[in-house]
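**Q** From first to last, the protein sequence lines stand for chains A, B and C.
Each residue of the first sequence is one higher than the one before, starting from 1 at the first, in this note's numbering.
Each residue of the second sequence is one higher than the one before, starting from 430 at the first, in this note's numbering.
Each residue of the third sequence is one higher than the one before, starting from 737 at the first, in this note's numbering.
Where hints are given, some of them may not hold.
Said to hold, decoys possible - Straight-line alpha carbon distances no greater than 25 Å define the calculated BS3-like cross-link-like pairs of lysine-lysine that follow:
no.	chain 1	residue 1	chain 2	residue 2
1	C	Lys854	B	Lys729
2	A	Lys157	A	Lys250
3	A	Lys286	A	Lys157
4	C	Lys886	A	Lys323
5	A	Lys234	A	Lys419
6	A	Lys320	C	Lys886
7	A	Lys419	B	Lys508
8	A	Lys270	A	Lys157
9	A	Lys427	B	Lys508
10	A	Lys183	A	Lys270
11	B	Lys508	A	Lys429
12	C	Lys886	A	Lys70
13	A	Lys367	A	Lys307
14	A	Lys286	C	Lys810
15	A	Lys66	A	Lys56
16	A	Lys320	A	Lys427
17	A	Lys172	A	Lys270
18	A	Lys356	A	Lys140
19	A	Lys307	A	Lys356
Quick caveat, the hints were computed from the structure, so don't treat them as lab data.
Remember, it's a predicted structure, so these values are computed and weren't measured experimentally.
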Amino acid sequence: MKLKRITFIILVVCLVVTACGGKTGTPAASTEEVTLVFWNGFNAHEVDSLNQMIAKYWTPTHPNIKIEAKGEVGPDEILTAVSGGETVDVAILWDPTPVKTWAYQGALLDLTSYIESQKVNLEDIFIPAGLEWVRQMDGKYYGLPFVNFNRGFYWNKDLFRKAGLDPDTPPKDIDQLADYARKLTIVENGEIQQLGWAINQDPSNMVELAMDFGGNFYDPATGNITATDPKILKALNWDLGLANEFGLEKVNTFVAGFTGQGNDPFMLGKLAMTIEGCWSVTFFEKAGVTLDYGVGPIPAADPTLQKTNEVETNPIVVMKSTKHPDQAFEFAWFLASNADVSREFAQLVSNLPQVKAAMANFSAEPKTMVFVDLSNSPNARGWAPVTVSAFYATEWATAIQSIYTGSATPADALDTVQKNVTAEADKYK
Amino acid sequence: MLKETQLPKRRIRSLTRQELHNLRLGLVFISPWIIGFLIFTIYPIFSSLYYSFTDYGLFGNPNWVGLQNYINLFTNDDKFFLSLYNTVFFFLLAMPASVVVAIFLAILLNSKLRGMTFFRSLFFLPTIVPAVASAAVWMWILNPQWGLLNTSLRLAGVHGPPWLSDPDWAKPSLVFVALWTIGSEVILYLAALQEIPRDYYEAARVDGANSFQQTRFITLPMITPVIFFHLVNGTIWAFQYFTEAYVMTGGGPANATLFYALNLYRNAFTSLKMGYASAQAWILFIVVMIATLIIVRSSKGWVYYEE
Amino acid sequence: MRSEAALLDRSAKRAHRLRFFQEEASHTVRYILIFLCGFWFVAPFLWMISTALKTNAQIYTYPPVVFPLQPQWKNFYDALTAAPFGRYYLNSLFICACVVIGTLISNTLIAYGFSRIKWIGRDVVFVIVLATLMLPAQVTMIPVYIIFNKLGWIGTYLPLIVPSFFGNAYFTFLLRQFFRGIPFELSDAARIDGCSEFGILWYVILPLARPALVAVTLFSFIYTWNDFLGPLIYLHDSELYTVTLGLQSFISRYWTPMNLLMAASAIAILPVLVVFIWAQRFFVEGISITGLSGR
Chain A
1 MKLKRITFII LVVCLVVTAC GGKTGTPAAS TEEVTLVFWN GFNAHEVDSL
51 NQMIAKYWTP THPNIKIEAK GEVGPDEILT AVSGGETVDV AILWDPTPVK
101 TWAYQGALLD LTSYIESQKV NLEDIFIPAG LEWVRQMDGK YYGLPFVNFN
151 RGFYWNKDLF RKAGLDPDTP PKDIDQLADY ARKLTIVENG EIQQLGWAIN
201 QDPSNMVELA MDFGGNFYDP ATGNITATDP KILKALNWDL GLANEFGLEK
251 VNTFVAGFTG QGNDPFMLGK LAMTIEGCWS VTFFEKAGVT LDYGVGPIPA
301 ADPTLQKTNE VETNPIVVMK STKHPDQAFE FAWFLASNAD VSREFAQLVS
351 NLPQVKAAMA NFSAEPKTMV FVDLSNSPNA RGWAPVTVSA FYATEWATAI
401 QSIYTGSATP ADALDTVQKN VTAEADKYK
Chain B
430 MLKETQLPKR RIRSLTRQEL HNLRLGLVFI SPWIIGFLIF TIYPIFSSLY
480 YSFTDYGLFG NPNWVGLQNY INLFTNDDKF FLSLYNTVFF FLLAMPASVV
530 VAIFLAILLN SKLRGMTFFR SLFFLPTIVP AVASAAVWMW ILNPQWGLLN
580 TSLRLAGVHG PPWLSDPDWA KPSLVFVALW TIGSEVILYL AALQEIPRDY
630 YEAARVDGAN SFQQTRFITL PMITPVIFFH LVNGTIWAFQ YFTEAYVMTG
680 GGPANATLFY ALNLYRNAFT SLKMGYASAQ AWILFIVVMI ATLIIVRSSK
730 GWVYYEE
Chain C
737 MRSEAALLDR SAKRAHRLRF FQEEASHTVR YILIFLCGFW FVAPFLWMIS
787 TALKTNAQIY TYPPVVFPLQ PQWKNFYDAL TAAPFGRYYL NSLFICACVV
837 IGTLISNTLI AYGFSRIKWI GRDVVFVIVL ATLMLPAQVT MIPVYIIFNK
887 LGWIGTYLPL IVPSFFGNAY FTFLLRQFFR GIPFELSDAA RIDGCSEFGI
937 LWYVILPLAR PALVAVTLFS FIYTWNDFLG PLIYLHDSEL YTVTLGLQSF
987 ISRYWTPMNL LMAASAIAIL PVLVVFIWAQ RFFVEGISIT GLSGR
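In isolation and in its complexed conformation, chain A is listed as follows (with noise of 0.2 Å):
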């Protein structure tokens, strides 16, 4: 019958689909011979020089831990893989919220015999603002920061100049930077030509400017969160206070012009004053950018609060279901800890060294330097490490947007948040 020549002819191409599928084999697993499965979300190139990295730094010493590392995959694939079974030894994740998160569901391996046996102190080796993102409110480590990143703020010298301002002194506090803002903005036919100051569409960057005057998202002795801190109140009448003197929906119209990477109105040489990641010098770069830039701290609102800025880290987590943990945690603490490894990577990715003994001559670049002095500021800190901060995240950014399109006051919007918030970390307890 034609159908039995069907069935068999699907059975032989499954056949020989398997014998051509080449399924990667694992070596068998000897006395001696281990090897980890790294994951990360580096694209290909970065995964290539990372490999070489550890050509060079990890095989010499540890010839019997072979590492097989495969990019590309964010947090959420690497979730899926897990969860469907699959063994992740070691992994690299490109944002540091999940970290709480995965701690308390029981994803991830306690290292903190591990460190402690190690006998040195954390805060010695590391850039304290990265080790809050991986830290439970006990005390108990579930990650190792990796490369961190920080924002700070960038001014345009020529468009100071053309204003009559001194280029190379950016404004010292936040009444300042409004009166700069107002210097710098140029409005004709009644459109934005040019804007002094925005940072509105950015919820990352509102973070930062509430940070700077002095707001706190949490509290870091009871992990509780604050979102109704007054000061944050404060920042946020602050900005849209400012906006409202430009005109909100001309400023909404200016900003929402520059959608999409590249679209950088401070790049492009439209917009004065704001707050950028650390990346950005060398994206302009890239991009072949030539403005009269500065970078420094974002001007404080209160001396106390100088270099404040909100450090993040790419957390290096091993699984709880790995079947080498102690070789996994070496190949963390490795990756953490070796300082040619940090400073090669970081100048990589545009990122910061998560060490203190790569900081000194990371990066012939001044600017970049900037960033670096300012990640290992006494007043550089996580905006929100707690359990929920993925969450929170998209709480903020809502907020933010209902805001800036007039839906919300800032009070309403911040009670929002600190409902919806308080009620999903309650669920975490």
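Once you have looked at the hints, place chains B and C on chain A.
**A** Chains B and C only, in chain A's frame:
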């Protein structure tokens, strides 16, 4: 007497030889689907149903919580209703628009004029552009200052809104983007149009029908099987709409594009509440099933098969 | 006599000319509409190409440059050599070919069963088939992964290819609709002549359903070619990577060379375009499926 011509009553009786033969034959033909269903589909379906009654967090063991997830969704979750509203809104906007536009384009492209192959390829191009490129392209088109759309509107003297940044226009913008990939549906309508016998049109022309009447009484009825297909698949797609919102708007501005599937995804992968998300998935399943059954039931009234 | 004939002739010619102008007018209208609509469909693609031809400086200018005066054709070369795209093309082609074969084989059989044979419970089972489309992928992704893991298929092409041999609700539905439109008299006649069911499928139905089969080939090819998530989670060895994963390699969290990405995307479209142009032939008129008239 009349009763004998009615449908057979539902009572247990053994199958006739013919019915048995047909049943066996039918099952043989669909056996690949049956096998695939048993191996690849049934476990995910039942495991997600099971998880919906637990507090499964992807790691650790699922604990039974009964209907608690479902209750919480209906009583304690603003985002649930908001995302449902956004999705229904999107569905009601996107479905009629896509049917009308697809049919219009198919009729437009269904001619022997020179260059038709080229034009058909043009309309089909968007469906094959990789997702990574599409998103970037559309962010430019919808850019409020320099995007193609607003620049064209400006030339016509109209001031366009900031599309994706405007809570009122974000959903319609996404519908507009979705219409761009309507090429696949146009192809199907084209194939159906090709199969309409010329004689029908000849006969109509002889009877004095103009082109609108021809369209209404010949073309449209003849392509109703494809319209049905489009509606059913479109409904399933619209209610599960996710990728573009995830990449282009992230659910914003101010949750204007927080669609059901995006909310579900966040619950599952960001908050690690797979049990809760599974309950959400099954509620969606029921909603889509109801919508589809309505369309299927109604199809007997307006779908014409040449049988 | 002659004047009457001349009058008739002239009015016939006038009527003919009128119809000619009407046709020309409707042709013109058609072309205008096609250009107007077509512009919206092709403009995004043109922007993609124009970005591919820009230098970095030209991408990041304000106001945006629409057409670069000095097109950087070398971007295409750079894009192709930035990752082993030759290998990725072959991999993608292999996967697509297998999937298309599996899709055609399984779905024609299944659709035949749902459309050309009347059996008890058929429509109920069909609703179940449709129902499998209704559960969002987000919740079935992980159990599906578990199955493939238990089978030991992770890291190979098997999760991407084998399921296509067991039918796909969308294509089953599509083919079923088309099969239903073929007159039952044809298959009845063949059955009376002693043809087996499979023979009817092969000799009667398939030739008449060619446009639908071509559509299935086209769509399954495109869907598989552009599939990203599947290869991402099922393939580990970069030797096996597909074109979509190759495109992803341009994207970094910190810097994406938009011109190279667009150039690579444009090149990624080419094979699909070729398949589409081939498929065009089958949408050309002349295929009559009624078979009753003109037989």
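**Q** Would the hint linking Lys320(A) and Lys427(A) be met if the CA-CA limit is 25 Å?
**A** 22 Å, holds
**Q** Can the restraint linking Lys286(A) and Lys157(A) be considered satisfied, given a maximum Cα separation of 25 Å?
**A** 20 Å, holds
**Q** Between Lys854(C) and Lys729(B), is the straight-line Cα distance small enough, at 25 Å or below?
**A** Holds, at roughly 17 Å.
**Q** Between Lys886(C) and Lys323(A), is the straight-line Cα distance small enough, at 25 Å or below?
**A** 18 Å, holds
**Q** Given the hinted pair Lys270(A) and Lys157(A), is their Cα-Cα distance within 25 Å?
**A** Roughly 12 Å between the alpha carbons, so the hint for Lys270(A) and Lys157(A) holds.
**Q** Taken at face value, is the distance from the CA of Lys140(A) to the CA of Lys356(A) at most 25 Å?
**A** 22 Å, holds
**Q** Does the structure keep Lys234(A) and Lys419(A) at a Cα separation of 25 Å or less?
**A** 19 Å, holds
**Q** Checking one constraint from the list: CA of Lys320(A) to CA of Lys886(C), max 25 Å. Satisfied?
**A** Cα-Cα ~20 Å, so holds.
**Q** Take the C-alpha atoms of Lys307(A) and Lys356(A), compute the straight-line distance between them, and say whether it is at most 25 Å.
**A** 18 Å, holds
**Q** Would you mind confirming whether the straight-line C-alpha gap from Lys508(B) to Lys429(A) stays at or under 25 Å?
**A** 22 Å, holds
**Q** Take a quick look at whether Lys183(A) and Lys270(A) sit within 25 Å of each other, Cα to Cα.
**A** 14 Å, holds
**Q** CA of Lys157(A) to CA of Lys250(A), is that 25 Å or under?
**A** 24 Å, holds
The structure meets every hint from the earlier list without exception.
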